[in-house]
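**Q** As a plain string of letters, each chain reads:
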Amino acid sequence: MSQENDRLLGHADEADGIDEYDNPLPDWWVGLFWLTIVWAIGYSLHYHVIANRSQERALANEMAAAEARWPAEEAATRMSAAELDVTDDAISRGRTLYGQYCVACHGVDQEGGIGPSFLDTEWIHGGQADDILRTIVEGVPAKGMVPWEGVLSPTQINDVAAFVISRHSEATGRPIADIVGEGADPPP
Amino acid sequence: MERVATGTGAGVSETTVYDDQIVKMFFTATTVWALVGMLVGVIIALQLAWWPANLGLPWTTFGRLRPLHTNAVIFAFAGNVCFTGIYHSTQRLLKTRMYSDRLSRVHFWGWQSIIVAAAITLPLGMTQSKEYAELIWPIDVAITLVWVAFGVNFFGTLARRKVKHLYVAIWFYMSFVITIAVLHIVNSLVIPATLFRSYPIYAGLTDALVQWWYGHNAVGFFLTTPFLGLMYYYLPRAAQRPVYSYRLSIVHFWGLVFLYIWAGPHHLLYSALPDWAQTVGMVFSIMLLAPSWGGMLNGLLTLRGAWDRVRTDPILKFMVVAVSFYGMSTFEGPMMSIRAVNSLAHYTNWVIGHVHSGALGWVGMISFGMMYWMIQDIWKRKLAHPSWATHHFWLATIGIVLYTVAMWAAGLMEGLQWRALNDAGRLAHPIFLDITTRLEPFLWLRLLGGTLYLIGAIMMAVNFWQTIRGPERPADAAAVPAAA
Ligand code: HEM
Ligand code: HEM
Numbered sequence: 001m002s003q004e005n006d007r008l009l010g011h012a013d014e015a016d017g018i019d020e021y022d023n024p025l026p027d028w029w030v031g032l033f034w035l036t037i038v039w040a041i042g043y044s045l046h047y048h049v050i051a052n053r054s055q056e057r058a059l060a061n062e063m064a065a066a067e068a069r070w071p072a073e074e075a076a077t078r079m080s081a082a083e084l085d086v087t088d089d090a091i092s093r094g095r096t097l098y099g100q101y102c103v104a105c106h107g108v109d110q111e112g113g114i115g116p117s118f119l120d121t122e123w124i125h126g127g128q129a130d131d132i133l134r135t136i137v138e139g140v141p142a143k144g145m146v147p148w149e150g151v152l153s154p155t156q157i158n159d160v161a162a163f164v165i166s167r168h169s170e171a172t173g174r175p176i177a178d179i180v181g182e183g184a185d186p187p188p
Numbered sequence: 189m190e191r192v193a194t195g196t197g198a199g200v201s202e203t204t205v206y207d208d209q210i211v212k213m214f215f216t217a218t219t220v221w222a223l224v225g226m227l228v229g230v231i232i233a234l235q236l237a238w239w240p241a242n243l244g245l246p247w248t249t250f251g252r253l254r255p256l257h258t259n260a261v262i263f264a265f266a267g268n269v270c271f272t273g274i275y276h277s278t279q280r281l282l283k284t285r286m287y288s289d290r291l292s293r294v295h296f297w298g299w300q301s302i303i304v305a306a307a308i309t310l311p312l313g314m315t316q317s318k319e320y321a322e323l324i325w326p327i328d329v330a331i332t333l334v335w336v337a338f339g340v341n342f343f344g345t346l347a348r349r350k351v352k353h354l355y356v357a358i359w360f361y362m363s364f365v366i367t368i369a370v371l372h373i374v375n376s377l378v379i380p381a382t383l384f385r386s387y388p389i390y391a392g393l394t395d396a397l398v399q400w401w402y403g404h405n406a407v408g409f410f411l412t413t414p415f416l417g418l419m420y421y422y423l424p425r426a427a428q429r430p431v432y433s434y435r436l437s438i439v440h441f442w443g444l445v446f447l448y449i450w451a452g453p454h455h456l457l458y459s460a461l462p463d464w465a466q467t468v469g470m471v472f473s474i475m476l477l478a479p480s481w482g483g484m485l486n487g488l489l490t491l492r493g494a495w496d497r498v499r500t501d502p503i504l505k506f507m508v509v510a511v512s513f514y515g516m517s518t519f520e521g522p523m524m525s526i527r528a529v530n531s532l533a534h535y536t537n538w539v540i541g542h543v544h545s546g547a548l549g550w551v552g553m554i555s556f557g558m559m560y561w562m563i564q565d566i567w568k569r570k571l572a573h574p575s576w577a578t579h580h581f582w583l584a585t586i587g588i589v590l591y592t593v594a595m596w597a598a599g600l601m602e603g604l605q606w607r608a609l610n611d612a613g614r615l616a617h618p619i620f621l622d623i624t625t626r627l628e629p630f631l632w633l634r635l636l637g638g639t640l641y642l643i644g645a646i647m648m649a650v651n652f653w654q655t656i657r658g659p660e661r662p663a664d665a666a667a668v669p670a671a672a
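These protein sequence lines map, in sequence, to chains S and H.
Here the first sequence stands for residues 1 to 188, where the numbers follow our numbering.
Here the second sequence stands for residues 189 to 672, where the numbers follow our numbering.
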């Protein structure tokens with residue numbers, strides 16, 4: 001065990017009056033230093049050689065565990081345009097939901113912002129009711145839009161879709177029936 | 189008012205006149221930039237809590253003021269603190285005047301012009317968009333030239349020293365001068381396109397790695413080693429006690445400079461950086477714990493036998509709290525470098541809390557302690573309001589605690605909510621914005637903490653002003669602890 005001796009080194013006149021003791025390194029400090037060094041070597045060997053871990057494998061394991069626990073269901077809640085309810089009631093419920101969930105990105109008047117506008121004739125992910133529903137359900141995670149399935153109930157998804165479609169129709173003059181109708185391409 | 193010292197060491201017979209004018213110049217600049225930098229900090233803290241404070245003008249938005257804050261506090265405040273302390277203590281430790289008065293002035297005016305250039309270009313949106321290295325290439329060139337002037341001046345002084353033994357503070361200063369030059373030049377290599385625009389010579393991952401090699405060592409060699417050097421000079425002077433252990437100071441110095449350089453990749457965990465490089469960053473950060481604590485221990489143990497004075501002397505109070513926060517943030521840092529911990533902390537306000545426990549706690553408090561001590565030494569006057577120093581100490585300490593506690597709480601909350609899954613395996617908080625709005629109370633609390641800290645700094649500046657401008661209050665000879 002090293003002991004404090006409080007012996008002065010006698011440097012004071014060479015260091016503007018500051019002297020230094022010749023005390024040894026505190027034992028626990030030396031121990032801590034060695035511990036971190038040994039740990040560093042051990043961890044590196046374990047991670048890269050013994051357990052052979054990697055970022056990719058960690059992700060794969062996590063995904064496999066998630067898959068085991070929550071097997072991907074067949075898209076049960078998939079809705080089709082045929083069942084879409086675009087009544088005034090649905091639209092007005094949709095307006096409220098829009099104000100809660102969508103307004104931050106798509107703007108108070110649906111004019112766009114972080115996300116695109118609904119008032120022009122351009123649809124990045126398709127402008128038929130089916131496409132709009134799919135975009136809402138699945139989101140566009142790559143660009144930051146949340147998949148709303150699971151956050152919103154199927155009825156709520158119906159309602160925001162109805163609201164978006166009605167606003168688009170109002171702004172562009174494209175009839176709702178045309179948007180909801182199967183297959184027809186939007187007029188240029 | 190120049191100080192005359194008669195060498196007492198072996199072989200020193202002539203009389204040395206120190207250049208204290210340059211110390212006073214840097215001291216004044218430090219005080220001014222401290223207020224500016226912290227005021228901008230308070231403004232951006234307000235903007236985060238209350239968005240209308242962005243004022244809707246491009247020049248005043250958070251995105252432009254944030255780099256103004258970081259540049260002002262790091263390069264203007266902390267930089268000038270280091271220069272003040274280095275010009276003051278180096279002359280005394282080496283028993284010689286600075287090598288060249290002209291280079292000292294080139295350094296001073298060059299550095300202040302760089303800061304002014306930064307304060308103009310950053311709000312105008314001119315940036316290289318590398319954190320802590322935002323300044324555009326003409327300013328980078330100026331920094332290099334000024335730094336070379338400083339380096340020549342410093343090492344010239346070293347060459348003319350009249351002592352044999354190099355005190356440990358000088359070692360820390362040397363690491364500062366050399367490493368910052370290398371870091372700055374390597375990270376700022378660009379190909380200029382126009383006067384205001386340039387393209388980095390690195391691309392993609394290499395760019396990221398060089399950037400964080402720089403970024404981390406800016407912490408290590410701008411906010412840590414020079415301040416440890418200052419601690420090694422001003423703490424024993426203020427406490428009038430010998431340094432606890434010479435051996436510890438040497439071992440922890442070499443430990444720090446060797447290990448810091450490798451730790452940068454802890455800023456790039458879970459990125460595209462190869463796994464082995466991430467591991468290097470992580471394990472070197474863990475090994476940094478003991479060398480960092482070596483500095484804290486040597487500081488605290490130097491106070492053995494002076495603890496009764498800590499109770500009454502605000503200067504020692506500042507220093508004790510500074511060294512304690514240094515120990516705390518250098519414990520927190522290695523923990524945050526662990527992959528699993530970083531996956532929770534990264535991108536959250538926890539990092540902001542960590543930054544400011546180091547910045548406000550360590551850098552700020554050791555600087556205040558040093559300045560309260562030094563003003564009485566170089567202006568030869570007692571403080572105009574000794575009790576204000578104690579008030580400043582308490583305001584600052586409470587401010588830091590509010591700041592860091594608010595950010596820890598906010599950071600943990602964000603981090604946990606971002607990753608939480610519900611029973612169905614979906615995100616429990618799918619709407620990012622909801623989590624962000626829950627931060628609001630913590631952001632207000634941080635604003636309060638920062639404001640208290642700023643008020644303390646304003647009191648310090650007024651105190652200094654009245655000390656220097658007011659009537660003469662000759663300080664006692666030799667040691668000058670402030671009476672509280
Ligand atoms: C009155 C005191 C201060 C206040 C209110 C304050 C406030 C802030 C705020 C609001 C941010 C932005 C945080 C974010 O983006 O979420 C910030 C960033 C930062 N501040 Fe301060 N600050 C203060 C003092 C200081 C000091 C004295 C230093 C350094 C010596 C400092 C260094 C930094 C750094 C390095 C960052 C960037 C952190 C990062 O990117 O992770 N601050 N500060
Ligand atoms: C042994 C000492 C330290 C280690 C290992 C360490 C480690 C870390 C880690 C892991 C991060 C988070 C990176 C991220 O997830 O983005 C970080 C951020 C940061 N630390 Fe430390 N830290 C240490 C000491 C300090 C001290 C003493 C200060 C200030 C004086 C400081 C200033 C900063 C700053 C400014 C950042 C933010 C960088 C950014 O802009 O993202 N650190 N540090």
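Be careful, since some hints might not be right.
The calculated label-pair distances, taken between Cβ atoms and stated as ranges, are [claimed, not checked]:
1. S:92 - H:220: 55 to 61 Å
2. H:377 - S:30: 36 to 42 Å
3. S:53 - H:243: 46 to 52 Å
4. S:72 - H:247: 47 to 53 Å
Reference excerpt, derived from the structure (chain S facing chain H, CB under 7 Å, subset only) [what the hints assert, rightly or not]:
5. 36
6. 151
7. 154
The set of hints was computed from the structure by calculation and includes no laboratory data.
Each residue gets a CB set at the ideal place from its N, CA and C atoms; glycine is no exception.
**Q** State for each hint whether it applies.
**A** For each hint, the structure was consulted:
1. S:92 - H:220: 55 to 61 Å: Taking Cβ atoms as reference, residue 92 (chain S) and residue 220 (chain H) lie about 59 Å apart, which means the hint holds.
2. H:377 - S:30: 36 to 42 Å: 40 Å Cβ-Cβ, so the 36 to 42 Å window holds.
3. S:53 - H:243: 46 to 52 Å: Holds, at about 49 Å.
4. S:72 - H:247: 47 to 53 Å: Check passed, 50 Å falls within 47 to 53 Å.
5. 36: 5 Å, holds
6. 151: Holds, because the Cβ-Cβ distance from residue 151 (chain S) to chain H comes to roughly 5 Å (cut-off 7 Å).
7. 154: 14 Å, violated
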